[in-house]
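Since the structure of chain A is provided, determine the placement of chain B on it from the hints.
Now for the letters of each chain:
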Amino acid sequence: MATPDLHAYANPLRFRRLAVAFTPWLLLAGLGLLGAGLYAGLFLAPADYLQGESVRIMYVHVPSAWLALGGYLGMAIAALSARIWRHPLADLCVQAIAPIGALFAGICLVTGSIWGRPTWGTWWVWDGRLTSMLLLFLLYLGVIAIIHLHEDRARGHRMAGLLAIIGTINLPIIKFSVEWWNSLHQPASIRLSGSAIHADMLWPLMLAALGFLLLFAAMVLMRMRTLIAGQRAEARARRLAARLG
Amino acid sequence: MSIGTGRLFALLVRRDLALMAARPGEWLLPMLFFLLVAIILPFALGPQPAVLGRFAPGILWVGALLASLMPVATLFALDSADGTLDQLAVRGVAGELLAAARMLALWLGFAGPLLVILPLAALLLAMDMAGLGMLALALAMGCLGLCALAVVAASLTIGAKGGGGLVALVVVPLAVPMLLFGSRPAEPGALLLTSAAALLLAAIAPFAAGAALRGGQG
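Those protein sequences? They're chains A and B, same order as listed. Residues in the first sequence are numbered consecutively from 835, following the working numbering. Residues in the second sequence are numbered consecutively from 10, following the working numbering.
Chain B on its own, in the form it takes in the complex:
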């Protein structure tokens, strides 16, 4: 029995989304973490709306970046532990395809909830609501890049002993361009540059993760 690549891709995405629906923590916790960042920062920065509003886009970006580290630990580890990865490899499913499907599913399951809660988080931070649309767009695109990095980081640490905190070391330097363009989306060209940085990462990530899924061989 053989099925086309496109259909296989759709099946893999659907499987990931179904698993995510069955394990609500996977998409709820990053969203809550994101909201939590918006809740605790006013305690550190002070409640003045002028201060909060000025820093709101940056705070929300940092929140999204930190939240994107949460799924890394389980992204491939569960499938590796129960043998799913081996099964898929034995059946000739390319690692690149699997990684691309997982990236897309993660993006839907991560960016979607984030954008739903974004207005509330922006409200808490007294953000100027006129800029919310642009920030939402920048975050939506940036999240694609963050998910790409999460997939890469997760694939590089398959079979590694612990060290979840070290994943941040892999993700953060590579996420910096998106962070600094994306957190000022009103600047001319910044949205496009955020998207460019994110799309480049999304284009590289499946190949890097695919190679890593094969154990770094081939």
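Bound conformation, chain A alone:
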């Protein structure tokens, strides 16, 4: 069905040209920054006086947590713009982000768990932040599940987008309630040291976070190209079948 081309970037061909141009730069810059950030974090930054060397997992753990949260927000914004402007690429963007966001949420959970073993003496505690990340991970899985439940792919995208939007409305409530619940059970003795981080630890963290962010963007662009290519291949196969049949 032909729709008037209202949006310059809604044109998949034009998008692909831009994506092809940007992806290698994003990828290289992301890897470079990430390498620098991780090197600085692992070798240059001081160990924590309380946590010792295990604090260094922070340079992977914290950026993953930020990207998992930010990715969900980005996914919901894509879903919302798909609904408002019928942007044909925005729906694909939802599908492109979902597994990557889930991956980062998973990395955040696993690294947090590895860090928790020496620091808290256990692989898992129902800490407010850990729990809300676990629920975010489940929300991602729900979106992925809805996409793949529908045979009609466009329908699956729209339904998953709706779920992403609902999830975003509820995310602050989930986060608040889980932290409230947790405070009932355990005092603030074991909490992440949040607020004050020394500059020697902060700049490697920022480098790593920026590197992860660019990698995230590169992966989303690559996945979107894959999805577009898949759609085109499918459409071509259908045309071919129609001609032969």
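Keep in mind the hints are simulated off the structure, nothing from the lab. Certain hints may be false.
[Said to hold, decoys possible] Here are the computed distance ranges between Cβ atoms for each label pair: (1) Gly-121(B) to Ala-1075(A): 47 to 57 Å; (2) Gly-224(B) to Met-1040(A): 39 to 49 Å; (3) Gly-886(A) to Thr-83(B): 49 to 59 Å; (4) Leu-45(B) to Pro-952(A): 37 to 47 Å; (5) Ile-1003(A) to Val-71(B): 16 to 26 Å; (6) Trp-960(A) to Pro-128(B): 26 to 36 Å.
Each residue gets a CB set at the ideal place from its N, CA and C atoms; glycine is no exception.
Same frame as chain A, now just chain B:
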């Protein structure tokens, strides 16, 4: 022939309740499932009344949450299969209205039986009966939120191939706030927060489900 929105809403609720009365399994099975949770947990946790009583509100909440997943599979699937949804859409009945009516009917048909059987389930779990009233209130409100989530999950999976188990993935994370406030209703403010979480879901659900009923378009 045109009828007002309020009257249409009442008609839709009445239709759903009449269908539920004609298919007793739809409201009996979730209720029995809820009771079953209260029956099997003592085997897993041990029969000591002190242990059971302590965990009773939480067990009953989990039972209600799991039971609320049961109606999801048929909530819109039957109307979709026999063309009712298309008929209603053709006649200009808004998806939001239909979803809101279904949510209300489901709440009546789900929470009602649940609250009737609640004292028995609480008795089996040796719960402190002084807290039963508050728990019943929290469950009644929480069930509204659970029904809202059931309507959303059902509308998102219309026309999907199988995958009933995956519905839990949609419902559970969104139900967590109600679960953790609602299962300790005696805490100050917990009942209000349960109600707030449930009412918010109930306010969003008709719009989300309405959009999904239109195939996610519009």
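The hints, checked one at a time:
{"no.": "1", "hint": "Gly-121(B) to Ala-1075(A): 47 to 57 Å", "verdict": "holds (53 Å)"}
{"no.": "2", "hint": "Gly-224(B) to Met-1040(A): 39 to 49 Å", "verdict": "holds (44 Å)"}
{"no.": "3", "hint": "Gly-886(A) to Thr-83(B): 49 to 59 Å", "verdict": "holds (56 Å)"}
{"no.": "4", "hint": "Leu-45(B) to Pro-952(A): 37 to 47 Å", "verdict": "holds (42 Å)"}
{"no.": "5", "hint": "Ile-1003(A) to Val-71(B): 16 to 26 Å", "verdict": "holds (24 Å)"}
{"no.": "6", "hint": "Trp-960(A) to Pro-128(B): 26 to 36 Å", "verdict": "holds (31 Å)"}
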